[in-house]
Amino acid sequence: MIVQKLKTLLFRVSFSLCGILLGGQTAYGQQSIKQTIDLKNIKILQAELQINAGTFKLTTQEQPKIDASFTYTRPNWKPVIKFTAANGMLSIKQPEEKNTNMQDKDRNDWNIKLARAVPTNLKFRMGAGEGTLDLSQAKLNRLEIEAGAGEFNVNLANTSIPSLKVSAGVGSLTINLTGNRTQNLDADISGGIGDLNLVLPRKVGVRVKVSGLGSIESGSLRKQGGYYVNDAYGKTTSSLNINVSAGLGSIKIELE
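Reminder that position 55 of the sequence shown reads as 54 in numbering that gives the first Met the number 0, one-by-one numbering, no gaps.
It should be emphasised that the hints constitute simulated quantities derived from the structure, not laboratory data.
Among these hints, one or two may not hold up.
Unchecked claim - When the alpha-carbon atoms are kept at most 27 Å apart in a straight line, the in silico DSSO-like pairs for lysine-lysine are as follows: (1) Lys138 - Lys222; (2) Lys42 - Lys104; (3) Lys81 - Lys56; (4) Lys234 - Lys222.
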(Lines of atoms letter the chains of each structure in order from A; the text may use other names.)
(Lines give C-alpha, C1' and ligand atoms only; values in the text may rest on other atoms or scores of the structure.)
Protein backbone atom coordinates (compact mmCIF):
# COMPACT_ATOMS: atom_id res chain seq x y z
CA MET A 0 0.00 0.00 0.00
CA ILE A 1 2.78 2.43 0.92
CA VAL A 2 4.70 1.61 -2.26
CA GLN A 3 1.59 2.14 -4.38
CA LYS A 4 0.95 5.53 -2.77
CA LEU A 5 4.55 6.54 -3.39
CA LYS A 6 4.29 5.48 -7.03
CA THR A 7 1.07 7.47 -7.49
CA LEU A 8 2.53 10.56 -5.83
CA LEU A 9 5.78 10.41 -7.78
CA PHE A 10 3.87 9.81 -11.03
CA ARG A 11 2.05 13.11 -10.45
CA VAL A 12 5.29 14.85 -9.55
CA SER A 13 6.91 13.52 -12.71
CA PHE A 14 4.16 14.99 -14.87
CA SER A 15 4.72 18.31 -13.14
CA LEU A 16 8.46 18.13 -13.75
CA CYS A 17 7.84 17.31 -17.39
CA GLY A 18 5.67 20.42 -17.61
CA ILE A 19 2.44 18.58 -18.31
CA LEU A 20 -0.55 20.44 -16.94
CA LEU A 21 -3.98 18.85 -17.28
CA GLY A 22 -7.43 20.42 -17.15
CA GLY A 23 -9.48 23.09 -18.90
CA GLN A 24 -10.25 23.49 -22.59
CA THR A 25 -8.04 24.27 -25.53
CA ALA A 26 -8.41 27.57 -27.35
CA TYR A 27 -6.94 26.18 -30.56
CA GLY A 28 -8.29 24.11 -33.43
CA GLN A 29 -7.08 20.70 -34.49
CA GLN A 30 -4.44 20.54 -37.22
CA SER A 31 -3.08 17.58 -39.17
CA ILE A 32 -0.11 17.09 -41.46
CA LYS A 33 1.26 14.10 -43.39
CA GLN A 34 4.63 13.46 -44.96
CA THR A 35 6.21 10.65 -46.97
CA ILE A 36 9.98 10.16 -47.30
CA ASP A 37 11.48 7.90 -49.98
CA LEU A 38 14.16 5.50 -48.69
CA LYS A 39 14.88 3.52 -51.87
CA ASN A 40 18.55 4.51 -52.00
CA ILE A 41 19.19 4.60 -48.24
CA LYS A 42 21.61 1.95 -46.99
CA ILE A 43 21.31 2.82 -43.28
CA LEU A 44 18.72 5.10 -41.68
CA GLN A 45 19.85 7.23 -38.74
CA ALA A 46 16.60 8.32 -37.09
CA GLU A 47 15.95 10.54 -34.09
CA LEU A 48 12.35 11.00 -32.89
CA GLN A 49 11.37 13.28 -30.04
CA ILE A 50 7.91 14.13 -28.71
CA ASN A 51 7.36 16.11 -25.53
CA ALA A 52 3.92 14.80 -24.61
CA GLY A 53 0.98 13.06 -26.22
CA THR A 54 0.38 9.75 -27.97
CA PHE A 55 3.05 8.11 -30.09
CA LYS A 56 2.76 5.09 -32.38
CA LEU A 57 5.66 3.67 -34.38
CA THR A 58 5.25 0.71 -36.74
CA THR A 59 6.92 -0.63 -39.89
CA GLN A 60 5.89 -1.45 -43.44
CA GLU A 61 7.23 -3.39 -46.43
CA GLN A 62 7.58 -0.38 -48.72
CA PRO A 63 10.98 1.42 -48.70
CA LYS A 64 9.59 4.67 -47.38
CA ILE A 65 8.52 6.51 -44.24
CA ASP A 66 4.91 7.56 -43.81
CA ALA A 67 4.22 9.98 -40.99
CA SER A 68 1.06 11.71 -39.81
CA PHE A 69 0.63 14.18 -36.99
CA THR A 70 -2.47 15.62 -35.33
CA TYR A 71 -2.10 18.44 -32.83
CA THR A 72 -4.11 21.30 -31.36
CA ARG A 73 -1.38 23.87 -30.72
CA PRO A 74 0.51 25.54 -33.60
CA ASN A 75 3.75 25.45 -31.63
CA TRP A 76 3.47 21.64 -31.36
CA LYS A 77 3.97 21.24 -35.11
CA PRO A 78 6.90 18.81 -35.48
CA VAL A 79 10.09 19.88 -37.21
CA ILE A 80 10.98 17.30 -39.86
CA LYS A 81 14.47 17.13 -41.36
CA PHE A 82 15.82 14.49 -43.72
CA THR A 83 19.17 14.36 -45.50
CA ALA A 84 19.26 11.69 -48.18
CA ALA A 85 23.04 11.89 -48.61
CA ASN A 86 23.70 10.36 -45.19
CA GLY A 87 20.28 8.92 -44.33
CA MET A 88 19.76 11.28 -41.39
CA LEU A 89 16.16 11.72 -40.20
CA SER A 90 15.09 14.03 -37.39
CA ILE A 91 11.49 14.52 -36.26
CA LYS A 92 11.18 16.65 -33.16
CA GLN A 93 8.51 18.58 -31.35
CA PRO A 94 9.89 22.04 -30.56
CA GLU A 95 11.24 22.39 -27.04
CA GLU A 96 8.98 24.14 -24.53
CA LYS A 97 9.49 25.22 -20.96
CA ASN A 98 5.99 23.91 -20.22
CA THR A 99 3.89 21.66 -22.43
CA ASN A 100 0.51 22.81 -21.15
CA MET A 101 -1.71 19.93 -22.29
CA GLN A 102 -5.37 20.52 -21.52
CA ASP A 103 -8.41 18.24 -21.62
CA LYS A 104 -9.26 18.62 -25.31
CA ASP A 105 -5.70 18.95 -26.55
CA ARG A 106 -4.24 16.35 -28.90
CA ASN A 107 -0.71 15.61 -29.92
CA ASP A 108 -0.77 12.31 -31.79
CA TRP A 109 2.10 10.96 -33.85
CA ASN A 110 1.82 7.96 -36.16
CA ILE A 111 5.01 6.98 -37.99
CA LYS A 112 5.76 4.00 -40.22
CA LEU A 113 9.38 3.07 -40.92
CA ALA A 114 10.67 0.81 -43.68
CA ARG A 115 11.02 -2.69 -42.23
CA ALA A 116 13.87 -3.79 -44.53
CA VAL A 117 16.08 -0.68 -44.20
CA PRO A 118 18.76 -1.12 -41.49
CA THR A 119 18.05 1.50 -38.83
CA ASN A 120 19.73 3.14 -35.86
CA LEU A 121 16.95 4.73 -33.83
CA LYS A 122 16.89 7.18 -30.95
CA PHE A 123 13.49 7.83 -29.39
CA ARG A 124 12.66 10.28 -26.64
CA MET A 125 9.21 10.94 -25.12
CA GLY A 126 8.48 13.16 -22.16
CA ALA A 127 5.05 11.98 -21.06
CA GLY A 128 2.07 10.12 -22.45
CA GLU A 129 1.47 6.82 -24.16
CA GLY A 130 4.00 5.30 -26.53
CA THR A 131 3.82 2.17 -28.69
CA LEU A 132 6.81 0.98 -30.70
CA ASP A 133 5.90 -2.09 -32.73
CA LEU A 134 9.13 -2.89 -34.55
CA SER A 135 8.70 -6.63 -34.93
CA GLN A 136 10.86 -8.09 -37.75
CA ALA A 137 12.50 -4.72 -38.44
CA LYS A 138 16.22 -4.51 -39.29
CA LEU A 139 17.43 -2.63 -36.25
CA ASN A 140 21.12 -2.08 -35.56
CA ARG A 141 20.66 -0.06 -32.40
CA LEU A 142 17.75 1.34 -30.39
CA GLU A 143 17.93 3.95 -27.65
CA ILE A 144 14.78 4.89 -25.73
CA GLU A 145 14.34 7.65 -23.18
CA ALA A 146 10.83 7.55 -21.71
CA GLY A 147 9.59 10.00 -19.09
CA ALA A 148 6.19 9.39 -17.51
CA GLY A 149 3.41 7.20 -18.85
CA GLU A 150 2.78 3.83 -20.45
CA PHE A 151 5.22 2.45 -23.02
CA ASN A 152 5.09 -0.78 -25.02
CA VAL A 153 8.06 -1.88 -27.12
CA ASN A 154 7.77 -4.90 -29.43
CA LEU A 155 11.15 -6.12 -30.72
CA ALA A 156 10.13 -9.69 -31.49
CA ASN A 157 12.13 -11.36 -34.29
CA THR A 158 14.39 -8.36 -34.81
CA SER A 159 17.83 -9.78 -33.87
CA ILE A 160 18.71 -6.29 -32.66
CA PRO A 161 22.27 -6.39 -31.19
CA SER A 162 22.19 -3.24 -29.04
CA LEU A 163 19.41 -1.86 -26.84
CA LYS A 164 19.48 0.93 -24.27
CA VAL A 165 16.36 2.01 -22.38
CA SER A 166 15.92 4.66 -19.70
CA ALA A 167 12.44 4.86 -18.18
CA GLY A 168 11.02 7.31 -15.65
CA VAL A 169 7.62 6.79 -14.05
CA GLY A 170 4.83 4.46 -15.14
CA SER A 171 4.86 1.12 -16.94
CA LEU A 172 7.21 -0.29 -19.55
CA THR A 173 6.80 -3.56 -21.46
CA ILE A 174 9.55 -4.89 -23.74
CA ASN A 175 9.03 -7.94 -25.96
CA LEU A 176 12.27 -9.60 -27.10
CA THR A 177 10.86 -12.96 -28.15
CA GLY A 178 11.45 -14.80 -31.40
CA ASN A 179 14.42 -16.22 -33.26
CA ARG A 180 17.79 -14.49 -33.25
CA THR A 181 20.80 -14.51 -35.57
CA GLN A 182 23.13 -12.55 -33.26
CA ASN A 183 23.64 -11.70 -29.60
CA LEU A 184 21.84 -8.89 -27.83
CA ASP A 185 23.43 -6.62 -25.24
CA ALA A 186 20.74 -4.61 -23.45
CA ASP A 187 20.88 -2.03 -20.67
CA ILE A 188 17.55 -1.12 -19.10
CA SER A 189 17.23 1.43 -16.31
CA GLY A 190 13.87 2.01 -14.69
CA GLY A 191 12.65 4.69 -12.34
CA ILE A 192 9.38 4.16 -10.49
CA GLY A 193 6.77 1.79 -11.84
CA ASP A 194 6.37 -1.57 -13.52
CA LEU A 195 8.85 -3.19 -15.89
CA ASN A 196 7.69 -6.24 -17.85
CA LEU A 197 10.20 -8.24 -19.89
CA VAL A 198 8.93 -10.87 -22.31
CA LEU A 199 11.88 -13.05 -23.37
CA PRO A 200 12.35 -16.08 -25.64
CA ARG A 201 12.20 -19.54 -24.13
CA LYS A 202 14.30 -21.25 -26.83
CA VAL A 203 17.12 -18.69 -27.02
CA GLY A 204 19.70 -18.33 -24.24
CA VAL A 205 18.82 -15.58 -21.76
CA ARG A 206 20.88 -14.08 -18.94
CA VAL A 207 19.52 -11.21 -16.86
CA LYS A 208 21.29 -9.26 -14.12
CA VAL A 209 19.01 -7.20 -11.88
CA SER A 210 19.88 -4.48 -9.39
CA GLY A 211 17.66 -2.02 -7.54
CA LEU A 212 14.99 -1.77 -4.88
CA GLY A 213 12.00 -3.17 -6.73
CA SER A 214 10.38 -6.56 -6.36
CA ILE A 215 11.30 -9.29 -8.86
CA GLU A 216 9.06 -11.95 -10.36
CA SER A 217 11.43 -14.13 -12.38
CA GLY A 218 8.96 -16.73 -13.64
CA SER A 219 10.66 -19.91 -14.82
CA LEU A 220 14.14 -18.40 -14.87
CA ARG A 221 16.54 -19.80 -12.30
CA LYS A 222 19.23 -18.07 -10.27
CA GLN A 223 22.80 -18.75 -11.37
CA GLY A 224 25.38 -16.74 -9.49
CA GLY A 225 24.26 -13.13 -9.70
CA TYR A 226 22.10 -13.72 -12.77
CA TYR A 227 18.75 -15.11 -13.81
CA VAL A 228 19.03 -17.58 -16.71
CA ASN A 229 16.70 -19.80 -18.69
CA ASP A 230 17.21 -23.47 -19.56
CA ALA A 231 18.52 -22.58 -23.03
CA TYR A 232 21.33 -20.35 -21.75
CA GLY A 233 24.72 -21.60 -22.94
CA LYS A 234 23.13 -24.00 -25.42
CA THR A 235 22.27 -21.68 -28.33
CA THR A 236 24.43 -19.92 -30.92
CA SER A 237 23.09 -16.52 -29.89
CA SER A 238 21.92 -15.18 -26.55
CA LEU A 239 20.39 -12.21 -24.77
CA ASN A 240 22.50 -10.50 -22.12
CA ILE A 241 20.38 -7.99 -20.22
CA ASN A 242 21.33 -5.66 -17.39
CA VAL A 243 18.40 -4.17 -15.48
CA SER A 244 18.85 -1.33 -13.01
CA ALA A 245 15.50 -0.65 -11.38
CA GLY A 246 14.32 1.97 -8.94
CA LEU A 247 11.13 1.56 -6.93
CA GLY A 248 8.51 -0.70 -8.44
CA SER A 249 8.19 -4.20 -9.82
CA ILE A 250 10.05 -6.29 -12.38
CA LYS A 251 8.30 -9.18 -14.09
CA ILE A 252 10.15 -11.56 -16.40
CA GLU A 253 8.30 -14.14 -18.45
CA LEU A 254 9.31 -16.57 -21.18
CA GLU A 255 7.44 -17.33 -24.39
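For each hint, the structure was consulted:
| no. | hint | result |
| --- | --- | --- |
| 1 | Lys138 - Lys222 | violated, 32 Å |
| 2 | Lys42 - Lys104 | violated, 41 Å |
| 3 | Lys81 - Lys56 | holds, 19 Å |
| 4 | Lys234 - Lys222 | holds, 17 Å |
In terms of the numbered hints stated before, the structure departs from hints 1 and 2, listed from lowest to highest.
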